[in-house]
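There are 2 protein chains.
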Amino acid sequence: MKLISLVVAISITTMTFGATLSQKAKEAGLIPIPSSKSAILKLIDNLENPITDAKIELGKKLYFDPRLSKSSLISCNTCHNLGAGGADGLSTAIGHKWQVNPHHLNSPTVYNAVFNTVQSWNGRNSDLEDQAQGPIQAKHVMAAPKKLVVQRITSIPAYVNEFKNVYGNDIKIDFKKIADTIAIYERTLITPSRFDTFLLGKETSLTQVEKDGLNTFIDLGCGSCHNGIGFGGTMQAFGITGKYKFSNVGDFKGDTNAMVKTPTLRNIEETAPYFHNGKIYSLKEAIKEMGRIQLGISINNKDATSIEMFLKTLTGKKPKLIYPILPPSTDKTAKPNVL
Amino acid sequence: MKLISLVVAISITTMTFGATLSQKAKEAGLIPIPSSKSAILKLIDNLENPITDAKIELGKKLYFDPRLSKSSLISCNTCHNLGAGGADGLSTAIGHKWQVNPHHLNSPTVYNAVFNTVQSWNGRNSDLEDQAQGPIQAKHVMAAPKKLVVQRITSIPAYVNEFKNVYGNDIKIDFKKIADTIAIYERTLITPSRFDTFLLGKETSLTQVEKDGLNTFIDLGCGSCHNGIGFGGTMQAFGITGKYKFSNVGDFKGDTNAMVKTPTLRNIEETAPYFHNGKIYSLKEAIKEMGRIQLGISINNKDATSIEMFLKTLTGKKPKLIYPILPPSTDKTAKPNVL
Chain A
7 MKLISLVVAI SITTMTFGAT LSQKAKEAGL IPIPSSKSAI LKLIDNLENP
57 ITDAKIELGK KLYFDPRLSK SSLISCNTCH NLGAGGADGL STAIGHKWQV
107 NPHHLNSPTV YNAVFNTVQS WNGRNSDLED QAQGPIQAKH VMAAPKKLVV
157 QRITSIPAYV NEFKNVYGND IKIDFKKIAD TIAIYERTLI TPSRFDTFLL
207 GKETSLTQVE KDGLNTFIDL GCGSCHNGIG FGGTMQAFGI TGKYKFSNVG
257 DFKGDTNAMV KTPTLRNIEE TAPYFHNGKI YSLKEAIKEM GRIQLGISIN
307 NKDATSIEMF LKTLTGKKPK LIYPILPPST DKTAKPNVL
Chain B
7 MKLISLVVAI SITTMTFGAT LSQKAKEAGL IPIPSSKSAI LKLIDNLENP
57 ITDAKIELGK KLYFDPRLSK SSLISCNTCH NLGAGGADGL STAIGHKWQV
107 NPHHLNSPTV YNAVFNTVQS WNGRNSDLED QAQGPIQAKH VMAAPKKLVV
157 QRITSIPAYV NEFKNVYGND IKIDFKKIAD TIAIYERTLI TPSRFDTFLL
207 GKETSLTQVE KDGLNTFIDL GCGSCHNGIG FGGTMQAFGI TGKYKFSNVG
257 DFKGDTNAMV KTPTLRNIEE TAPYFHNGKI YSLKEAIKEM GRIQLGISIN
307 NKDATSIEMF LKTLTGKKPK LIYPILPPST DKTAKPNVL
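The listed protein sequences derive, respectively, from chains A and B. 100 is the number that the numbering used here gives to position 94 of the first sequence; each next residue is one higher, with no gaps. 48 is the number that the numbering used here gives to position 42 of the second sequence; each next residue is one higher, with no gaps.
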């Protein structure tokens, strides 16, 4: 009888505490990925170019097709590797001819990028459709002029047919349409995690240690920038209370107002190294650095560990991905050019 | 009645012709990929390290893991892209720091490589296990010393656990075991095609035009080198009756006897450009060049087209591949090094 009372008491305590915490998390601006497909679709869809299964399939092929690069060796997936947290694990992006990103910028993850309010570190791209056009053309990334990309795709009958199936027989396959189709695929790359289940009401989805971490995350103010569905993705001032330790690496200074896109914390465990220049590999160190330069506090080891434990609950389930078989080039397809 | 007789007569003719042709093909040394799983396993298995599902899964992860390269940017799949016929579509392989293969050698396909009697263009590797060790270490490919590869893998607990699950708790994860596990995955990369169905008895698997092409292929003598299950994969003299058009590209001269590994013709439609130095992109041109330098004949356009039609029946069904989610690095994992 005594034991049962104790169990009941603990359960009630836990539930009450859990409910309070998830309520607190919501009040701090943390938003779950919904559980229903229709609610998700509403969040990720592009009204001008609605998501369809056929479009996703075509976009996936293009995402993985290295012929979208001048060399024919680099695909979107090279730097945004869907098996590696949607990024490349490098400090600085490496592209065509092994060029290092001229601003020493790190490749951000493509997973959940649809939830960002803007794209790219300086927020120059309004959405994924806009962003997808950039790296394909950039000389230090894929280095492929629009004309070359269109030539390669339209020289491959299987691609032409697939575009027709997706968009209708009158479709004009231009560079924008190719980028738009890649973006449709990218929109679907979302990764619900245990934290979403927790926020949606299942209190037992997080352990007590993880709940403590969440509590600390909120109390210290991390959620003032890392909020929303993406736990980031908005433009924020960087280095508010202290100078970033590696501010001398690269010439990146943010947008015209010195604002920097806050990276998502979803799958953060898988996307080291951290910060725009990828100079910090340790998640715990990154947490402490954020405390120092954004919050003006010294986060002790215990709290950093606790927050880290919580952040690992944001490692999400990746969409099942059947590796695409790409249609073969033809004699007319512009040859790879590695120079 | 008359019509029925005619249909019967045509059927018998076709069957007789088909049976004769498939018999002729077998006599010319062409061997189908068997249809039964157990027969296939017998052909592809490694008796010292037998294929298991768990081993395939681990091997697949390693095959796709760019952390096996010094830079952490190049995986086996970079040059042997399973979405692109198992090769890279480039004339010459490009590796670490964008280095061109010093001998101007083309990346051969990994699909059906298990059927090769030897591996690599000069046949220096006895099997896939042996071959897998080469490019990982080669300075112009993945540039990763054995020690670095072992450090990266053993620094990742999920990998260590998976090796234990696959090989038992006493497993010593060394470089050889890592390469052996990759090779196990590669052994399973076989692609049965319509031609196999034909050779196994279903005469209607090939069209008349394709049968004509097969007939020409055999009559001209192509099968004297391109035979066996792999339609190639043995060491043969190169340039028997004429000098190869691009013999001045690269310093490759074959093995010590000037023999060169005959590439497989399976999926040849997907693996342009052709020859050890990848200088010919057109399949028809490659067929004609082979006639000139290996058979001492001029293959006319009609015959080359016909053979090409037949060769396209060797484009096989790829194993369904669920893209692997790689376990994240830890603070202990040796950092990427792009220099």
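Misleading hints may appear alongside valid ones.
Straight-line distance between alpha carbons at most 20 Å, and here's what the computed DMTMM-like set of lysine to aspartate or glutamate pairs gives [what the hints assert, rightly or not]:
1) 341/A with 291/B
2) 318/A with 337/B
3) 326/B with 133/B
Pairwise CB distance ranges (calculated) [said to hold, decoys possible]:
4) 57/B with 246/A: 54 to 62 Å
5) 336/B with 26/A: 50 to 58 Å
6) 41/B with 49/A: 42 to 50 Å
7) 151/B with 288/A: 22 to 30 Å
8) 46/B with 26/A: 53 to 61 Å
9) 214/A with 325/B: 41 to 49 Å
10) 248/A with 176/B: 43 to 51 Å
11) 336/B with 214/A: 18 to 26 Å
12) 338/A with 230/B: 27 to 35 Å
Hints in this document: simulated from the structure, not taken from any laboratory. The beta-carbon is built from N, C-alpha and C at its ideal position, and this holds for glycine as well.
Structure-based check of each hint:
1. 341/A with 291/B: holds (16 Å)
2. 318/A with 337/B: holds (14 Å)
3. 326/B with 133/B: violated (24 Å)
4. 57/B with 246/A: 54 to 62 Å: The hinted range 54 to 62 Å holds for residue 57/B and residue 246/A, with Cβ atoms some 56 Å apart.
5. 336/B with 26/A: 50 to 58 Å: 34 Å Cβ-Cβ, so the 50 to 58 Å window is violated.
6. 41/B with 49/A: 42 to 50 Å: Between residue 41/B and residue 49/A, where Cβ atoms are some 47 Å apart, the hint holds.
7. 151/B with 288/A: 22 to 30 Å: 24 Å Cβ-Cβ, so the 22 to 30 Å window holds.
8. 46/B with 26/A: 53 to 61 Å: holds (59 Å)
9. 214/A with 325/B: 41 to 49 Å: This hint holds: roughly 44 Å between Cβ atoms.
10. 248/A with 176/B: 43 to 51 Å: holds (50 Å)
11. 336/B with 214/A: 18 to 26 Å: holds (24 Å)
12. 338/A with 230/B: 27 to 35 Å: holds (32 Å)
Hint compliance for this structure: hints 3, 5 are broken, all remaining hints hold.
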